[in-house]
Each structure stands twice: as structure tokens, then as C-alpha cells.
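Visitor: Residue numbers (numbering that gives the first Met the number 0), protein chains in the order written: chain A, 0 to 408; chain B, 0 to 408; chain C, 0 to 159; chain D, 0 to 159.
Hints are supplied without guarantee of correctness; some may be wrong.
Said to hold, decoys possible - Facing chain A, according to a computed beta carbon distance under 10 angstroms, are these residues of chain D, among others:
{"#": "1", "residue": "35"}
{"#": "2", "residue": "38"}
{"#": "3", "residue": "40"}
{"#": "4", "residue": "42"}
{"#": "5", "residue": "132"}
{"#": "6", "residue": "135"}
{"#": "7", "residue": "137"}
{"#": "8", "residue": "139"}
What the hints assert, rightly or not - Result set (DSBU-like, lysine-lysine): computed pairs, CA atoms no more than 30 angstroms apart in a straight line:
{"#": "9", "chain 1": "D", "residue 1": "138", "chain 2": "D", "residue 2": "80"}
{"#": "10", "chain 1": "D", "residue 1": "138", "chain 2": "A", "residue 2": "73"}
{"#": "11", "chain 1": "B", "residue 1": "135", "chain 2": "A", "residue 2": "258"}
{"#": "12", "chain 1": "A", "residue 1": "109", "chain 2": "B", "residue 2": "258"}
{"#": "13", "chain 1": "A", "residue 1": "135", "chain 2": "B", "residue 2": "258"}
{"#": "14", "chain 1": "B", "residue 1": "320", "chain 2": "A", "residue 2": "109"}
{"#": "15", "chain 1": "B", "residue 1": "109", "chain 2": "A", "residue 2": "258"}
{"#": "16", "chain 1": "D", "residue 1": "138", "chain 2": "B", "residue 2": "394"}
{"#": "17", "chain 1": "A", "residue 1": "394", "chain 2": "C", "residue 2": "80"}
{"#": "18", "chain 1": "B", "residue 1": "394", "chain 2": "A", "residue 2": "135"}
To be clear, the hints were calculated from the coordinates, so they are not data collected in a lab.
Note that CB positions come from ideal geometry on N, CA and C, so glycine has one too.
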Amino acid sequence: MALRSTVKSDFPLLDQQFHGHQLVYLDSANTSQKPQAVIDAMTDYYETTNANVHRGSYELAVRATDALEGARAKVGAFINAESNSEIVFTKNATESMNLLAHCWGEHSLKAGDAVVISEMEHHANIVPWHMLRARKGIELRWIPVDASGHLDLSDLDRLLDGAKLLSVTAMSNVLGTLNPIAALAERAHDAGALMVVDASQYVPHVPTDVQALGADFLVFTGHKMLAPMGIGVLWARAEHLEAMPPFLGGGEMILSVTKDGFTTNDVPWKFEAGTPMVAEAVGLGAAVDYLSDLGMSNVRQHEVELTAYALRTLTERHGDKITIHGPAEPAERGGVMSFAYADVHPHDVAQVLDQSGIAVRAGHHCAKPLMDVLGTSATSRASLYVYNDKSDLDKLADALSAVDDIFSF
Amino acid sequence: MALRSTVKSDFPLLDQQFHGHQLVYLDSANTSQKPQAVIDAMTDYYETTNANVHRGSYELAVRATDALEGARAKVGAFINAESNSEIVFTKNATESMNLLAHCWGEHSLKAGDAVVISEMEHHANIVPWHMLRARKGIELRWIPVDASGHLDLSDLDRLLDGAKLLSVTAMSNVLGTLNPIAALAERAHDAGALMVVDASQYVPHVPTDVQALGADFLVFTGHKMLAPMGIGVLWARAEHLEAMPPFLGGGEMILSVTKDGFTTNDVPWKFEAGTPMVAEAVGLGAAVDYLSDLGMSNVRQHEVELTAYALRTLTERHGDKITIHGPAEPAERGGVMSFAYADVHPHDVAQVLDQSGIAVRAGHHCAKPLMDVLGTSATSRASLYVYNDKSDLDKLADALSAVDDIFSF
Amino acid sequence: MIGLEDLYREIILDHYRTPRNRGELETPPARRAEGFNPLCGDEIIVYLQVDEAGVIDDVAIGGQGCSISQSSASMMSVAIKGKTVEDARKLIVAFKGLMSIHETDIGGDGSETALGIDLEGASEGMQLGDLEALRGVVKFPIRIKCATLSWNTLAQVLDE
Amino acid sequence: MIGLEDLYREIILDHYRTPRNRGELETPPARRAEGFNPLCGDEIIVYLQVDEAGVIDDVAIGGQGCSISQSSASMMSVAIKGKTVEDARKLIVAFKGLMSIHETDIGGDGSETALGIDLEGASEGMQLGDLEALRGVVKFPIRIKCATLSWNTLAQVLDE
Ligand SMILES: Cc1ncc(COP(=O)(O)O)c(C=O)c1O
Ligand SMILES: Cc1ncc(COP(=O)(O)O)c(C=O)c1O
């Protein structure tokens, strides 16, 4: 594996025991742990630089503003944005998607217009469209998921016919499936629709180039990419941001306010009402630095290798008892492995694994429509990141035997 | 002064020099500095407890969930909420107010309905209503500010006649004025309107009891009360939260999602879409603990005494050259002192003070309509908090003499 | 497995393997309510048929979920069948008392918090019987929601 | 005061005390544009009267603001009066070049960032004159917005 072997030791949280076992954290698709460098960057911000931004004329406020805008520049470079003004900071990916649905949706969609999403979307890319449907009477169309865990694109032309927007996840948070975003963006554009990418599971794990992807909007969230909670990103082409009305109203987003009305600030600030989360932006900047130092293609390679090892080991050790959802081919997927273990309920699987210090998530993973497609209400899910290694997966395989002991009958 | 004398040393950021002078931070109405206890609480969260909440069945996730909900309980107790489910976490006060304008406003107001605000509001309590006016055709009415910096309530009956909502700041972020919230809430209710309190400048400085205030909604922001950026609060009576439709859509805020629609989670989670800012909530909880240890009435007393000293000292030292806006009586105001110095532009005042290591804000303080009332486009503002003392104000008075040297002609 | 024997008692696993009163009842005459646990996607459907005398003469349980939610529902169905509505309400209070010992407001609907009931009084004469086996759940706070799901759903159907 | 002599040069304070070309022009024939600095509330109004030959035959400045924005506007008005529109555009480029040396994207409209212009070429033959006194502003990045406010407003009025 191409990652340096000391990565795990950069993450202080991982160095602790649960129920007498060293923690094995396999829930990074839910949220990631933070390297010391990120934690220190935030501490340092509060100990040396903290002030409100874009408002103060004293030196400390200038430094805080530089810290915020410097973080914006780092994020912009990380995804190869054309300009920093294309990077809007939000509180999480969910807010980014809602911003889009509100501002672009309210502005550009009318009753009867169609928005196309897929059956493998996270609720963050479903509920905002349901809400927009209730407000505006838009139509919601669904790309089906096939038995192999891929999008079934056979009917895409019909789905896109007359559609205004295609919004799809770049990587499924349940199946791990990597979707063909660049091709989808092209087909959306050919059909006269814009393309939204939910990159919450993608930007943390795969080298990302928004210009190469060819999409119009892309959302992701800091806490899944080694950064703090409380910060998300909306990237959008400048022309779209310029055209969109503002989202929340208040300080920062205005140029002028009178009793009669207001005028908006320039992008991206137009969309950042109120005091921003500067420390979290600084933490995100530090996370971007950390990931860039590791090298995003090394990160991706590490996860492909580890996923291959996991798929092989779990199948060898547990045979028919385990069913791993999603693409069989590691190169077609990320390190997110949802599985069913015999007919043991995922909540019980997770409980037994926890007793061995292993953290996996059990539930619907905020993807209930996909659960309906899979014909279940919940799965167990192990998901990988830079700090995981083969020994973690060996321990997972071991601990699944305990599940078998308790529940086989 | 009733505060222990070691408070300043709890704030690591204050122990640094600017332009060869020890920092004198007088911009707490903009954002506050953080005590070591708050910084450590966040660091500790990330080093020992971090996980996604309400989702995981493993021990670490249970601890993270307890950390979030424990912080909610601390905040609820701090303002004497009836139940923790009345505490909604947002990213800042601005989001809280927008949530209110969207959810309560869209739901309960129709074209022609009146919302009453005051001329001393922060943009966060103006722009959301302007936006709602544009969407729904509501009417916006303004309580005037008199020459002494108080609300002019002589016409309030007429303003409230037929109004649905009264939304007023508990303490002006420019004038320092403390408004008679309990009395206003009563008059609003008598007129059949609900009462919103912008307590962004109040909760950090004055003991707050939402039940005694008698309002329906109250918003405030963490970063002005020793807590991190990236977290705000909306308190509302449970009945209102229950009745309001959701705000942002996504994970956490749903009970169920299908292709056809969704059902919402219980309050307060209905209003908290996506991964919440857990570390920031933990930081807010630690800030609440810190302030409670100091004692909020001691905090208030400290600031009254310091404000009295400041008003006296600045007037004695600078006579006619300085005009301090807002109530003359320290007991009627908070430690927010906006001033004009001769006819020197506030930006120049702040620049010269910065050269002496003194941080004050110059600008419109996100209160442009109030600037219009004051007949200016900007003021200089010095604002106090627990870590300030008389020596800070002596240094301010000294440094203002340098302003005089450069600009008197 | 060490640490889990309090949770996965044999009687619980037995009800999980062989759930009692599983199925549907025709509505009407039966009443029906659904309960969700948004945390893990568990779903319980309770069908209840009450005769003129206020006696629960039939009950059926649908839905799916983990061992704790399923076994709790199964045991509940046994415990309330043939009981009066009034006794069923007392049982709910008694069971929630059993569960609330270490309960905190950690998510879901928060309805478990601070019941403040007089457990002894309310559950007077009520035999929890097999349900006592679920006592171990309180050591695993996250699972309390699983154990109470069917009971909250029962309360719902009784209130209709 | 030590450290501030680079910012508050005598000539700057002079233009601040005694602003040149202060006032309004009738529109039309004059054109008018407003510029804001949302950071500090500064506001500049530029009135411009251009004759048929493309010469700026009159200019007036309104609004209010700090010493830097006011003196920059005043000096600008002197520098462009009697110049052709084309020369005024070159002056804008030259002045922004003077300011952008240490400029970073720190707020406001971001329009200052990465001008990437050929300063020598564009400002060929342009004399910044008194405006050179504003060079010290680059040591105070936050004030660059103040210095460029009137120039951005001029660019706006020229583009109309
Ligand atoms: C009175 C008042 N209301 C609202 C706000 C907005 O707070 P935030 O920027 O944290 O949303 C502020 C502070 O900027 C304020 O002083
Ligand atoms: C694919 C996907 N989209 C969106 C989200 C929402 O992210 P957040 O909860 O940070 O808003 C998640 C994670 O929960 C996700 O996995």
C-alpha cells in the first residue's frame, strides 16, 4: 500500500480501548476521525487568531479573515475549482443541497419540471427535492439500481427527456458504487439539464477535479474528510452562483440594507449569512493539506487494495453466511461495504462487534429508498479510510464468528 | 468587581502582542475569545469521543450522542427552558432567525400580515423579513429609536394593531440599549402577536430566563458567549416547534423516507438536518459551564461597573471630542459602546488604535438602518466582556489621544 | 460472549426465533398502529382487537427489527392478550419503569425521558413475567429504544 | 505615530481635509455610479461628464468614508479630469497595479484578485503623480479596499 505506515498514529482517538479491545473504527462513511494536525490547527486558531471576519480593521481580524479565505483557496485548489468565489461554505452537505434546491430550484424550476435522482441517493439528495415538489409541484424521477449495485441507465434518455436537473451521488454511501459522473454530466447537458453531484463520499476518497467531472454543482461535507463537523461545501460554476438569489438573510451576505430592502454581496459571500465557522474552515484547510500530503491517488489506491482484501477475507471466512452488497470489483467501488450476516439483524451484528471494540454502523444509512430496493430495512456497514489496515479487517472477520455463535440456531 | 481576578489568564489568545503592545481586545460584541476550558473540551471531544450521532449502535457513537444531547441540556438549563426539546441547534443566530422566518413565517403569515421590528435591529433580524416580504407580501413595521438610544414606544399600540409578530433585540449591538422584553412580550400577546427575541447580545451578558421573559422565540449565537463559531440556538415554545414545518431536508430530521414523500422526526431533531456540529455543541456546553461558574449576575455586575468606568473615563479624558451613543445610565445598557471621535472616520480611529494593540470595530455593525437614524455610515465600537478590566479602558483612552494627534487640524 | 449475556438472555433469543402472535388482524374490527425507530429502521405494527368489555381478545404483531425489538414485541403480545385495556396501560407503565432506570434523552422521540411515574402504584398487581428478562437492556442504553418500540406503538393504538 | 506614517502621508491628509471636485453633476448629461465598501460602510458616488471627443470634461465626487477612500477619490478626480476615457482606463489599471502588489482575496467583491495585467504596458505614459503617496496602503491590506473603492466605481461608470 502506498500510504506511509505511520498514518494511524496521527489519529489520537484511535488509540483507545473499548470493552477491553483496541478500537477498530470502521465507520468512516458516517464520519471520519481527525488527525492531530487538524485538531491542532483549530486549537491554534482559537489560541492565536480568532476574531470575526470581513468586519474588523485591526490586525487580528485581518489574520482571521486571511485564515478563512486561505482555507477557501485550499479547498478550491483541492477540487480544481476555477476560482475561489465558486466555493461556498455551509454547515454540512445537507445544507449545501438545500441551498441548491432553494435558490436554484425556486429560481429556475416551475410546476411540472422534472428533477432526476437515483434510488441510491442519501436522504440529503432526496428530501430537499420532496420539499421542493411540495412547494413548486416539480416532478421527481428515479434512476433504478440494478442487482449488481450499479445505476441502471438503460432508460436514462426517457428519464432525462425534458428534465431540468440530474442529481446523483458520485459514490454510494451504502453500496460503495462509483457512478460515471462525467458521462452522466454529458448526457444531462445533452438533454438540456444541469448536473448536481453529491460528492460527500467521493471528495474524501478519490482525487477530484470538478472541471474534469463537467458538472454544474458539487456538494460535500468536511467531517467525512478528516475535517471538523460543522462545515460543508457547495461548489458551483460562478455563472450559476451569480444568477441564484440568496439563501439565508443577515450579515455578511449584504452590500446594503435600508428599511425598504437590501442588496446582496458578491459571491460566494452572498450565500454565507451570519458569522461563518472560521475555525472549522481552518480545520478543513488543514485536512486538505493532510490529504494532499498523503496524495489523493495514494489514498484511493490504499482503499482499493484494502477493499479487495476485505471482500476476499470476509467471503473466505464466512462463505454463504455473509452477503456483501454493491459491485464485486474493487476498482468500481469505494471502501464502503454494506453486508447482511445470515439473518441476524444489523443492530445485533453491530452490538456484538462493538463488544470486540469494532465500530460498524447498522441501519438504513439515510438511504431508505435504497433499503426498499434491497428488500431490507437495514444493513451492517463497514467503511474504510486512510487509518485502516488489513489487521482491522482480520479483526472484523474474527468478530463476526461471535455473531454466528450467539445467533445461529 | 465580583469576578475573580484571574479570568483574563483563562484566555490564551489575549496573551499576545500586536505592534509591540499587549493585545487589548475590545470587540466582544463582534465575537468573543475562548477560555482554555472551551478549547480543551473540543480537543478532548475529537481525541476521545468523536463519532456521528443518533446513528451508531457502538459505544463511541453512544458517547458522542450523549455529548450532543448533554450540551443541549446544559443550554436548556442555562436559559431555563421548560424542556430540552425546545433547544434547536443551528449554525449561528442568523440561521436561527431565518429558520423562524421560513418555517413559522411561511406557515403562519399571509400577504398583508404585519411583522414589527425596530430600527436598532441587526441585519439578522431585518433581512429575513425583507426576504419574507418579497416572498409573501407581508408588511414590515418599524419601532423608532429616540435620541437617547431607547426604543420610542409611544406609538406601539398602532404598530401592533393587527400585527402577527414582534421581533426585537434584547440588547442593541450598537447602542448597548437593554430593551424591556418582558413588557414588550406582554404587549405583543395582548395584541394577538407572538414575540421573538434576538438575544445574541443578551444571553452572553445577562442572566436569561426564557420563561420570565415570556417570549415565544429566542435566538442567540455561540461565538459571542465564549463558545466556538459554527453553532447557534433557536429556543421556541414546544407548541410552536411542533406546529412548524421543517426547514432543511435530509438525514436526522426524518422518521421515514420513500419515493413518494417523507415524515418528519420529533422536535428538536425535525429542525436539525444533516450531521450536527457536535464538537461545537460540546464547546457551547463548556462555555455555559464556564459562565455559570463565574455566575451570570457577577458577569452582569462586572460589565455594569466597567461600563460606568468607561463612560466616565472617556468623557473626562476626551470631553467634547468624543460622543458615546446609547443610554447614559450604565444600568440601562450593556458594555457595548459605539462612539464618534471628532469627525475622524471610524475606520481611521480603529486603524490608529490597532497600532497600540487595541482591537475595536469600525463600521455599520450590521445595523445599517440604525446608522441612518444616527445620521452616519459607521461608528467606532468598543465592547466588553468578562476578560476586560479597567486597565484596558485606560489604554483605550490613552490611544485615542494619538487619533487626535494625527487627525486634528 | 463476555458482556453480552445480560442482553441476549436465552428467553429473549427464544422469542426472537419463535415470535408469538405474529401476523395481521383485519381492520376493522381490529385497530392498527405503526411505530418506527429512525435510528435503525426498525418497524413494529401492532394490531389490537378489543371486545365490548374492554378486554384485548386478540393481538398480532407485524414489522421487522432486531432481536430486542422483536422479542419485546412478542413478549408484550403474550402479556396483554386477554388482559383489559386498563391492565395493558398499567403494563406499559410498568415496562417503561423497568426500562427507564438508566434512560436518558438520547434520541428518537424523547418520549422515554423523565416519566416520573409511581411505578409501584401504577403497576400494582402486574406481573411482568418473562419481560423481566429484558432488564439487562438498561445496561445498553442505545437498545432501550428497541425494547420500548412495541410498547410505544401499543400506547398509540390504545389512544386511538 | 510609529508605523502609521506610511499610511497617513501629509498629502493624503491634505486631500482628506480639502477634497477636490466634491459635489454633484446633473444627470444627464453626466453619468453616475455608486460604490460601497460593505466592510466599513464607505460609499463613493462618481459623476462623470464626457464630451463628444471622449474627454472627461467634468467629474464630481459624493459619498463619505475614511481618509483613505476620500483622499483616493479626490486624487483620482484630479488625475482624470481633462483626460480621455481611454487614458482614464489606463490609470485605473496603473492604480490597481500600485495597490495589488500585496493584494489578496480578503473580502468585499474580490475584484482586486490576480489582475494579471501588464502594468508597464497598460500604464505607459501615465503619471500617477500624487497618487504615488497611496503606495503605503499596501502595507495595510485591509485598507486597499478603501483606496480602490473610487476606482472601481469609476470603472463602473465608464462601463455604463
Ligand atoms: C444583535 C445581533 N443579532 C444577530 C447577530 C448575528 O449573529 P451571527 O452572526 O452569529 O449569526 C449579531 C452578531 O453579529 C448581533 O449582534
Ligand atoms: C452520500 C451522502 N450525501 C450526503 C450526506 C450528508 O452529509 P452531512 O450529514 O454532513 O450533511 C452523507 C452523509 O451522511 C452522504 O453519505
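Visitor: Compare the structure with each hint and give your call.
Guide: Now the hints, each set against the structure:
1. Annotation: interface hint on residue 35 (chain D) holds; nearest CB of chain A at approximately 5 angstroms, less than 10 angstroms.
2. Checking residue 38 (chain D) against chain A by beta carbon gives a least distance of about 6 angstroms; that is within 10 angstroms, so the hint holds.
3. At its closest, the beta carbon of residue 40 (chain D) sits 9 angstroms from a beta carbon of chain A; the interface hint therefore holds under the 10 angstroms criterion.
4. Hint status for residue 42 (chain D): holds, given a least beta-carbon distance of 9 angstroms to chain A, under 10 angstroms.
5. A least Cβ separation of about 20 angstroms between residue 132 (chain D) and chain A goes past the 10 angstroms threshold, and the interface hint is therefore violated.
6. Using the Cβ-Cβ criterion of 10 angstroms, the hint placing residue 135 (chain D) at the interface with chain A is not satisfied: the shortest such distance is roughly 16 angstroms.
7. Checking residue 137 (chain D) against chain A by beta carbon gives a least distance of about 13 angstroms; that is not within 10 angstroms, so the hint is violated.
8. Taking 10 angstroms as the C-beta cut-off, the interface hint given for residue 139 (chain D) holds, the closest approach to chain A being about 9 angstroms.
9. Restraint check: the Cα-Cα separation between residue 138 (chain D) and residue 80 (chain D) comes to about 29 angstroms, which is no more than 30 angstroms; the hinted pair holds.
10. A distance of roughly 24 angstroms separates the Cα atoms of residue 138 (chain D) and residue 73 (chain A); the hinted pair therefore holds under the 30 angstroms criterion.
11. Restraint check: the Cα-Cα separation between residue 135 (chain B) and residue 258 (chain A) comes to about 17 angstroms, which is no more than 30 angstroms; the hinted pair holds.
12. This hinted pair checks out: residue 109 (chain A) and residue 258 (chain B) have alpha carbons roughly 20 angstroms apart, not beyond 30 angstroms.
13. Between residue 135 (chain A) and residue 258 (chain B) the alpha-carbon distance is near 17 angstroms, which keeps this suggested pair within the 30 angstroms criterion.
14. Restraint check: the Cα-Cα separation between residue 320 (chain B) and residue 109 (chain A) comes to about 59 angstroms, which exceeds 30 angstroms; the hinted pair is violated.
15. Between residue 109 (chain B) and residue 258 (chain A), the direct Cα distance comes to roughly 20 angstroms. Compliance with the 30 angstroms bound is thereby established for this hinted pair.
16. Taking the CA atoms of residue 138 (chain D) and residue 394 (chain B), the gap is near 25 angstroms; set against the 30 angstroms cutoff, the hint holds.
17. Among the hinted pairs, residue 394 (chain A) with residue 80 (chain C) is inconsistent with the structure: their alpha-carbon atoms are about 45 angstroms apart, more than 30 angstroms.
18. Taken as a hint, the residue 394 (chain B) and residue 135 (chain A) pair is broken in the structure, with Cα atoms around 58 angstroms apart against an allowance of 30 angstroms.
The structure shown violates the earlier hints numbered 5, 6, 7, 14, 17, 18.
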